[in-house]
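FYI, the working numbering numbers position 74 of the sequence shown as 74, with every residue one higher than the one before it.
Just so you know, the hints here were simulated from the structure itself, not pulled from any lab data.
On a predicted model such as this, the values are computed, not experimentally measured, just so you know.
Idealized CB from N, CA, C, for every residue including glycine.
Watch out, some of these pointers could steer you wrong.
[Said to hold, decoys possible] Here are the in silico distance ranges between beta carbons for each label pair:
1) Glu35 to Arg3: 20 to 26 Å
2) Asn18 to Glu73: 15 to 21 Å
3) Gln28 to Pro76: 32 to 38 Å
4) Ala71 to Ser23: 19 to 25 Å
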Amino acid sequence: MVRGLHRDVVASGCWDNNIRLWSADTGQLQHVLTEHGGVPLSLEFSPVEDLLVSGSGDGTVKIWDIAHVMALESIPRK
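Given these sequences and hints, build the entire structure.
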């Protein structure tokens with residue numbers, strides 16, 4: 001679990017291969033990011049933008065735009 005610096009959001013990786021974005025104020029679920037093929041094992045918010053980077057058990061790394069709730073890039077395992 002990781003908390004964003006610029007938005008009041010908390011991200012958590014879940015066993016169903018999804019990432020959930022929660023309101024840090026209310027605890028309410030805001031969005032579910034669903035494009036990973038494995039369990040998200042690491043999460044980190046960018047210190048300067050509304051970006052989230054996630055690493056998954058399937059070996060991929062994804063860069064997410066959390067303002068628009070979409071994946072910007074997927075880096076496959078080599």
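Status of each hint after checking the structure:
no.	hint	in the structure
1	Glu35 to Arg3: 20 to 26 Å	22 Å, holds
2	Asn18 to Glu73: 15 to 21 Å	18 Å, holds
3	Gln28 to Pro76: 32 to 38 Å	33 Å, holds
4	Ala71 to Ser23: 19 to 25 Å	21 Å, holds
Checked against the numbered hints given earlier, the structure satisfies every one of them.
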